[in-house]
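Student: Since chain E is already given, all that's left is putting chain A on it; use the hints.
There are 2 protein chains.
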Amino acid sequence: MITGKNYIGHTLSATGQKTYRTFNPLLNIDNEHVFTEASEDEINKAVALASEAFKTFRTVSGKRKAEFLNAIADEILALDDELIQVYCSETGLPEGRAKGERGRTVFQLRSFAELVAEGSWVEASIDTAVPDRTPAPKPDLRKMNIPLGPVVVFGASNFPLAYSTAGGDTAAALAAGCPVIVKSHPMHAGTGELVASAIIKAAEQTGMPNGVFSNLNSSGIEVGVQLVEHPDVKAVGFTGSIRGGRALLDLAARREEPIPVFAEMGSINPVVILPEALKTRGEALAKTYAGSITLGTGQFCTNPGLILGIKGEALQHFIQHLGKEIIQLEPSVMLHPNIIGAYEQNKQKAVSQSNVDVVVDYADTVQTNFARQVITAVEGNTFLNNPTLHQEVFGPFSMVVQCEDITQLEAVIAQLEGQLTGTLIAEASEANQYPSLIETLQNRVGRLIYNGVPTGVEVCPSMVHGGPYPASTDSRFTAVGINSIKRWVRPFSYQDWPNDLLPDELKNGNPLGISRLINGEYSTQNL
Amino acid sequence: MITGKNYIGHTLSATGQKTYRTFNPLLNIDNEHVFTEASEDEINKAVALASEAFKTFRTVSGKRKAEFLNAIADEILALDDELIQVYCSETGLPEGRAKGERGRTVFQLRSFAELVAEGSWVEASIDTAVPDRTPAPKPDLRKMNIPLGPVVVFGASNFPLAYSTAGGDTAAALAAGCPVIVKSHPMHAGTGELVASAIIKAAEQTGMPNGVFSNLNSSGIEVGVQLVEHPDVKAVGFTGSIRGGRALLDLAARREEPIPVFAEMGSINPVVILPEALKTRGEALAKTYAGSITLGTGQFCTNPGLILGIKGEALQHFIQHLGKEIIQLEPSVMLHPNIIGAYEQNKQKAVSQSNVDVVVDYADTVQTNFARQVITAVEGNTFLNNPTLHQEVFGPFSMVVQCEDITQLEAVIAQLEGQLTGTLIAEASEANQYPSLIETLQNRVGRLIYNGVPTGVEVCPSMVHGGPYPASTDSRFTAVGINSIKRWVRPFSYQDWPNDLLPDELKNGNPLGISRLINGEYSTQNL
Numbered sequence: 001m002i003t004g005k006n007y008i009g010h011t012l013s014a015t016g017q018k019t020y021r022t023f024n025p026l027l028n029i030d031n032e033h034v035f036t037e038a039s040e041d042e043i044n045k046a047v048a049l050a051s052e053a054f055k056t057f058r059t060v061s062g063k064r065k066a067e068f069l070n071a072i073a074d075e076i077l078a079l080d081d082e083l084i085q086v087y088c089s090e091t092g093l094p095e096g097r098a099k100g101e102r103g104r105t106v107f108q109l110r111s112f113a114e115l116v117a118e119g120s121w122v123e124a125s126i127d128t129a130v131p132d133r134t135p136a137p138k139p140d141l142r143k144m145n146i147p148l149g150p151v152v153v154f155g156a157s158n159f160p161l162a163y164s165t166a167g168g169d170t171a172a173a174l175a176a177g178c179p180v181i182v183k184s185h186p187m188h189a190g191t192g193e194l195v196a197s198a199i200i201k202a203a204e205q206t207g208m209p210n211g212v213f214s215n216l217n218s219s220g221i222e223v224g225v226q227l228v229e230h231p232d233v234k235a236v237g238f239t240g241s242i243r244g245g246r247a248l249l250d251l252a253a254r255r256e257e258p259i260p261v262f263a264e265m266g267s268i269n270p271v272v273i274l275p276e277a278l279k280t281r282g283e284a285l286a287k288t289y290a291g292s293i294t295l296g297t298g299q300f301c302t303n304p305g306l307i308l309g310i311k312g313e314a315l316q317h318f319i320q321h322l323g324k325e326i327i328q329l330e331p332s333v334m335l336h337p338n339i340i341g342a343y344e345q346n347k348q349k350a351v352s353q354s355n356v357d358v359v360v361d362y363a364d365t366v367q368t369n370f371a372r373q374v375i376t377a378v379e380g381n382t383f384l385n386n387p388t389l390h391q392e393v394f395g396p397f398s399m400v401v402q403c404e405d406i407t408q409l410e411a412v413i414a415q416l417e418g419q420l421t422g423t424l425i426a427e428a429s430e431a432n433q434y435p436s437l438i439e440t441l442q443n444r445v446g447r448l449i450y451n452g453v454p455t456g457v458e459v460c461p462s463m464v465h466g467g468p469y470p471a472s473t474d475s476r477f478t479a480v481g482i483n484s485i486k487r488w489v490r491p492f493s494y495q496d497w498p499n500d501l502l503p504d505e506l507k508n509g510n511p512l513g514i515s516r517l518i519n520g521e522y523s524t525q526n527l
Numbered sequence: 001m002i003t004g005k006n007y008i009g010h011t012l013s014a015t016g017q018k019t020y021r022t023f024n025p026l027l028n029i030d031n032e033h034v035f036t037e038a039s040e041d042e043i044n045k046a047v048a049l050a051s052e053a054f055k056t057f058r059t060v061s062g063k064r065k066a067e068f069l070n071a072i073a074d075e076i077l078a079l080d081d082e083l084i085q086v087y088c089s090e091t092g093l094p095e096g097r098a099k100g101e102r103g104r105t106v107f108q109l110r111s112f113a114e115l116v117a118e119g120s121w122v123e124a125s126i127d128t129a130v131p132d133r134t135p136a137p138k139p140d141l142r143k144m145n146i147p148l149g150p151v152v153v154f155g156a157s158n159f160p161l162a163y164s165t166a167g168g169d170t171a172a173a174l175a176a177g178c179p180v181i182v183k184s185h186p187m188h189a190g191t192g193e194l195v196a197s198a199i200i201k202a203a204e205q206t207g208m209p210n211g212v213f214s215n216l217n218s219s220g221i222e223v224g225v226q227l228v229e230h231p232d233v234k235a236v237g238f239t240g241s242i243r244g245g246r247a248l249l250d251l252a253a254r255r256e257e258p259i260p261v262f263a264e265m266g267s268i269n270p271v272v273i274l275p276e277a278l279k280t281r282g283e284a285l286a287k288t289y290a291g292s293i294t295l296g297t298g299q300f301c302t303n304p305g306l307i308l309g310i311k312g313e314a315l316q317h318f319i320q321h322l323g324k325e326i327i328q329l330e331p332s333v334m335l336h337p338n339i340i341g342a343y344e345q346n347k348q349k350a351v352s353q354s355n356v357d358v359v360v361d362y363a364d365t366v367q368t369n370f371a372r373q374v375i376t377a378v379e380g381n382t383f384l385n386n387p388t389l390h391q392e393v394f395g396p397f398s399m400v401v402q403c404e405d406i407t408q409l410e411a412v413i414a415q416l417e418g419q420l421t422g423t424l425i426a427e428a429s430e431a432n433q434y435p436s437l438i439e440t441l442q443n444r445v446g447r448l449i450y451n452g453v454p455t456g457v458e459v460c461p462s463m464v465h466g467g468p469y470p471a472s473t474d475s476r477f478t479a480v481g482i483n484s485i486k487r488w489v490r491p492f493s494y495q496d497w498p499n500d501l502l503p504d505e506l507k508n509g510n511p512l513g514i515s516r517l518i519n520g521e522y523s524t525q526n527l
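Those protein sequences? They're chains E and A, same order as listed. Residues in the first sequence are numbered consecutively from 1, following the numbering used here. Residues in the second sequence are numbered consecutively from 1, following the numbering used here.
What the hints contain is simulated information worked out from the structure, not anything from laboratory work. You may find that some hints are simply not true.
It does not matter which identical chain is used: a pair holds within one copy or between any two.
Here are the simulated DSS-like cross-link-like pairs (lysine-lysine), alpha carbons at most 27 Å apart as the crow flies [as the list claims (entries may be wrong)]:
#1 LYS5 with LYS486
#2 LYS287 with LYS138
#3 LYS486 with LYS138
#4 LYS287 with LYS311
#5 LYS324 with LYS279
#6 LYS486 with LYS507
#7 LYS324 with LYS311
#8 LYS201 with LYS99
Just chain E, with the same shape it has in the complex (with noise of 0.2 Å):
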């Protein structure tokens, strides 16, 4: 049942004066619940039990918190119809799609909940002392990484399951044993309520401290610079765009103890297609890249906003086909007005530059909140010199740059701002024909693809979610994955410590039966 109201750690609460309500796109309604916007005192109350709370939680044991997040999950499947409905009335997005996104979510509450109660991912490392080493003994060194303390996490509008309130930054952060604050989305407020009860059930089901978890409504930006200014916020997971990404990175740059913020921002994810495999299947490769430029209603941070290729016959026809392929599918809606409008605006501000050709612009009426799919095109030397036509067009964009040649393409490559993906399309013949090219794509993105498309993120543990600046703020890190658990650890040393004080991960007896780096061996042995 949606309230309307904040968690403040397992309490229900609405003291504030602020008041929203979300918005269904495809009826062109607000709709029915009233949230209540997070006061400055139920912001400060969340961030006091969870600082309360990281003093337990911050050592329950690998296998409770997997009982947490498999609870968790439980929890949100218990959901069933309600949350599926409430998704579709907030987004616009089709039930088969919310469905999607639920299991993506209960798969990543699963994979984090096996990885920790497995427990070799503190990456335990003992060093045994030397007593007699000259000229000094070598004393007895044990490490493994530790939670950072509470940690904000922003969702996103584009995923209000997978990338929001228990979604993967929330997941991976109460994996790690850091307690989460969520300022949340306020395109999906009632999703996320809804989810918060599910986190909160289960937090109470497995006797986790109260202040584990909280959700704050918001509805503008206030919320959440609060949350990033406290002081004892210890870390920022953020997905959205780079405007605002930037901005929480500066205001956490600007404390007095500055903390990590992990933003998965914008990209425009270039995809390069060779020569060969223009000329062999640019009809099916137009065919292929309209559904993926248009899937989601283009509202995917993986949507392919840029394709390079050799100016010519063979790339000319290949536009032409993107352009009657995509003109052929119906235009679907987006999540908000407010997306809509920045869709708009972009749009006119991208097409309405110098020497940028429109080859297809959705003319037909449109139901109100739906996109017209848009192509355009350029030459190589507009692109260089014109750094406003690399600005990401959320929604169903893309560009053809034709480039001269290839030493253009790749200089068109090496001046991108970076990206999560790069794609290359090749005939087996000529792919290694193009070392540079290649290594100069590499540079600029988190993950290649080989004749693919960007769209979709598969959750395993080689998945690199992330990427240079600006498509995260901190490319050392994935946003997607188990691995995605390093943003929120620090590694933490105990130097000749007592066994019986030591954490288990770290005892001689290996009583958890993990992995561990002995010495430079790594052994599930005990001492």
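Tutor: For chain A alone, coordinates are given in the frame of chain E:
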């Protein structure tokens, strides 16, 4: 041979106008050689060369990088007496210390050589495709660590070898595949140039690209500022003061593309003496700590600047003995007039605060640039209410805080800024009686030490040298040990990438024979 010039890649250059000399604090005179500060043009050339070198160096094999690192170690040893003499003349430190630090530097270089020659450090991970998975096929994903790009290293004044030109930051960055530009420390510019010449020789011998290393002379802040602001610099390593490190962090955060700064900064390294230990062996502890506080004239970042105990007769006795022991030690020289100037000033600031008792202040005449050791004592309340007393006094200085009880002692710890280390002195019978105190201490530090002294940082995989801000700017990394390589790399994914285009680390055949995570299991087998 010292030329006073900069190494811009392999080339000696001195086109700038600003010159300076180093100083012999023991003789209180300028040293002989004149150094020319790097010009704006030289700085830009060094960065351009580093960017160009990165294109090839980033894919140089682990075995060849190991040859390079070992050759650096060999060439440093080949500098022999010349290096030791210049080191001593620029620091006032004794020959034994110079040789010990050289041994540590060589050990670090060889440790990284061993790490990258073996190769598993890249954390290769492979998730194979599942083409028939429903609803969507699972792609093949493979991940490994790759280098960030050119790294700028700012060495520390207090470790001219182990934390400077070819110190831990440089060794780790080169091992990762990142070219390094060192902003030479003005106090040991001669030592720096000699070590730089060893690195350049090693690079030439082992065929590394020109620009893989540069050494820039600098007497003020300008060279460093220009380097950190340069768009082609991708990360920064720093060891030094909080003021210096924070300035660089702020500069990097304000860039259009913010970059990671790992700064290891100040620390007062709290030592907690529990009541039984104080009673049983207060005198012995006083002697041990008198030695630790004055080791290297107190110029260690792990110097114990704060000692915490419970008020009473035993603590009074300890304080008197600490004073008695430390006053018997011969004062020693500090690194530079600027360092002793800062020491005198900070000491003065500390002792002039209200209710600070000066237990001993070495009163006899000392040689110029020699430091008078000082022990102070305050009440718990005084310390809690005056943040000025938390500030590091870099030198042979320590403050004993006499707490009312354990509750107040824990409050003092909770209020401390982040620290590199925390030490617990306890009898076996009492150590397990203070779990909350120990957890509070753990929360403020990067390393806990039991019944020892914080001075001495073992170089091994289980060491963490870092900690919550301001001990370091990012507690998620260590500055010492092979894991410090993680500061300079990012994970990178290949999706469905052709086997012959993959780096060796990720090829089906595992030609390097490294340990890889394959579908969740570690293995050195091929696929």
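Student: Would you mind marking each hint as holding or not holding in the structure?
Tutor: Verification of the hints:
With identical chains, the CA atoms of LYS5 and LYS486 are never at most 27 Å apart, being 32 Å at best within one copy and 42 Å at best between copies. Taking identical chains as interchangeable, the C-alpha atoms of LYS287 and LYS138 lie at most 27 Å apart only when they sit on different chains, with a minimum of 21 Å there against 65 Å within one chain. When the C-alpha separation of LYS486 and LYS138 is checked against a cutoff of 27 Å, the pair qualifies only between copies, where the shortest distance is 24 Å, while the shortest distance within a copy is 29 Å. Proximity of LYS287 and LYS311 under a CA criterion of 27 Å is satisfied intra-copy only: 20 Å inside one chain copy versus 79 Å between copies.
Proximity of LYS324 and LYS279 under a CA criterion of 27 Å is satisfied intra-copy only: 18 Å inside one chain copy versus 87 Å between copies. For the homomeric pair LYS486 and LYS507, the shortest alpha-carbon distances inside one copy (22 Å) and between copies (26 Å) are both at most 27 Å. In the homo-oligomer, the alpha carbons of LYS324 and LYS311 lie at most 27 Å apart inside one protomer (19 Å), although the nearest pairing across protomers, at 84 Å, exceeds that limit. Proximity of LYS201 and LYS99 under a CA criterion of 27 Å is satisfied intra-copy only: 21 Å inside one chain copy versus 62 Å between copies.
Violated hints amount to a single one, hint 1; each of the other numbered hints is respected by the structure.
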